[in-house]
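Novice: Going line by line, the protein sequences match chains F and V.
Count along the first sequence starting at 1, add 161, and that's the number in the working numbering.
Count along the second sequence starting at 1, add 5, and that's the number in the working numbering.
Because the hints were derived from the structure by calculation, they are not lab data.
C-beta atoms are modelled at their ideal positions from N, C-alpha and C, and glycine is treated no differently.
A hint or two may mislead.
[Claimed, not checked] Reference excerpt, derived from the structure (chain V facing chain F, CB under 8 Å, subset only): (1) 43; (2) 93; (3) 142.
[Unchecked claim] Okay, derived cross-link-like pairs now, EDC-like style, lysine to aspartate or glutamate, Cα gap no bigger than 20 Å in a straight line: (4) 100(V) / 275(F); (5) 100(V) / 380(F); (6) 500(F) / 467(F); (7) 100(V) / 272(F); (8) 414(F) / 444(F); (9) 100(V) / 377(F); (10) 100(V) / 185(F).
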Amino acid sequence: MKKSLLVTASGLLLMQPLAHANVDISGYASVIGGRVLSGSGVEAFDLPPTFLANYPLVGVYEKEWTFKPDTRFGLQFRANLMDGLSATAQVVARGADDFDARFEWAYLSYDLNDHWTLQAGKKRLPLYYYSDFFDVGYAYLWIRPPADNYTWQIFNYTGVNAMFNYFVGDWDISGNIYTGREDDKENKLLSQFFGSVPVREIWKDIVGGVVNLNRDWLDIRLTYMTYINERYRTIDGIEERVTWGDSLTRRGKFAGISVNMDFGDWLLLSELNRLDLDGSKFDTYMVSAGYRINQFTPYISFADFDSENEKHNTTSLGLRWDFHSNAAFKFQYDDVNDKGVPGWEVAGDSKSVSFGIDLVF
Amino acid sequence: MNYLKAMLGALLLLSGAALAEISVIVHPSNTVSVDQSDLNRLFLGRGSNFSDGNRATPLNLAEGQAAREHFDTQVLNRSSAQLKAYWSRLVFTGKGTPPAEHPNAAAMKAAVAADPTAIGYIASSDVDDTVRVVATF
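Could you build all of it, start to finish, from the sequences and the hints given here?
Specialist: Structure (structure tokens):
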């Protein structure tokens with residue numbers, strides 16, 4: 162008797178959620194394969210011919226075919242709690258991480274009024290134009306945003322974000338301001354590609370803002386962010402602090418502008434960014450053009466990274482084919498030119514092909 | 006000869022379906038006027054109010070409906086693939102959700118007739134007095 166009561170009680174609990182929320186599930190996937198056709202590698206680092214297609218996640222192509230570097234699956238759960246409140250989580254599994262699924266986004270969102278929305282939690286750091294939808298291949302033209310530009314080591318942050326949206330004349334003006342920090346216990350790019358010991362990378366006191374100006378076929382985006390960088394290296398099990406000259410931290414200031422035009426069948430994309438790290442300048446830019454012919458969009462792209470020591474660029478040619486209402490097939494050829502001063506090369510010169518499918522559901 | 010006639014007929018039917026005029030509809034009590042730039046703003050998630058300041062709830066027909074295709078290409082000036090790419094960017098960055106979809110004209114009319122904030126569209130041949138037409142394309 163008691164047992165069946167208990168069963169009934171727990172059954173009721175299961176059947177009555179705490180709040181009536183509509184949970185939307187959506188997702189995206191990219192399955193991409195590729196290989197290096199030819200490349201110099203970097204002899205000094207014993208590096209074979211290599212194409213570093215994705216810096217933050219260390220997506221690396223070599224001379225054997227692989228589907229791991231760019232392949233990923235994302236699932237988003239959004240609970241709409243009504244009256245402007247929602248909770249969103251995104252789980253991403255990446256080939257570059259052996260499909261080890263992780264929560265990369267987890268945040269609450271509250272609409273203060275028609276113009277302002279407040280968000281808190283873990284989100285993508287919206288530095289570059291494509292940062293916050295970097296994983297959603299279906300939403301952009303190429304196989305991946307140009308690697309030479311997207312060389313950040315910190316990808317996400319935890320903090321608060323205020324978004325706004327106003328309509329002034331014929332201009333849609335939107336953007337956000339955010340603050341937070343990220344403590345990456347073992348940073349993949351610094352620990353595995355640029356180094357061989359575990360590196361803990363901290364970006365703290367992050368404060369940034371983005372303004373988007375939109376009008377018909379014209380889209381302009383301005384971005385600024387500043388942060389304090391702290392770094393630790395673990396050697397033989399002992400964590401030691403990395404210093405830069407006499408200082409224990411560095412201040413980074415990042416600024417960028419992006420101008421995009423979607424005019425008739427033409428698509429022109431551009432991005433120009435500068436990171437100033439305690440006076441050292443790291444400049445990146447990218448220009449791309451695409452031309453739509455029904456479901457086909459052939460494109461070309463050039464991306465460049467320039468600093469005192471590290472210098473490289475990539476010329477890309479590709480084709481996007483929207484063969485299905487939820488999916489696109491892409492093919493891309495990348496020619497990387499690594500002009501880094503000796504000891505500062507990234508992965509040497511390389512010529513590579515990659516192809517695959519992006520989809521959303 | 007008959008074969009040719011049938012082909013021609015089919016072609017006419019097809020082009021007729023693609024070119025049939027659509028009507029943008031609101032609740033009969035809503036007296037607002039709406040132009041193409043308002044529709045772009047509302048259906049691309051760049052604003053949530055009518056030009057008179059009242060809240061607007063845009064509603065789409067399901068993909069594959071002829072009037073949806075007509076609305077996407079003639080009013081929003083974008084292909085379905087471009088719109089899907091546009092929305093997938095907003096959805097996965099927490100910046101917006103696309104308009105709710107209704108499977109057919111009957112469902113769209115019922116939804117608009119029941120909600121004073123609603124704005125949708127149907128083939129003009131499906132319009133009746135349960136809704137008010139604010140624009141045709």
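Novice: Now, for every hint given, state plainly whether the structure supports it.
Specialist: Now for the hints, and whether the structure bears them out:
1. 43: violated (10 Å)
2. 93: Since chain F brings a Cβ to about 4 Å from residue 93(V), closer than 8 Å, the hint holds.
3. 142: violated (17 Å)
4. 100(V) / 275(F): holds (13 Å)
5. 100(V) / 380(F): holds (16 Å)
6. 500(F) / 467(F): holds (9 Å)
7. 100(V) / 272(F): holds (11 Å)
8. 414(F) / 444(F): holds (12 Å)
9. 100(V) / 377(F): holds (19 Å)
10. 100(V) / 185(F): Answer holds: residue 100(V) to residue 185(F) is near 15 Å, not above 20 Å.
Of the hints listed earlier, those the structure fails to meet are numbers 1, 3, in rising order.
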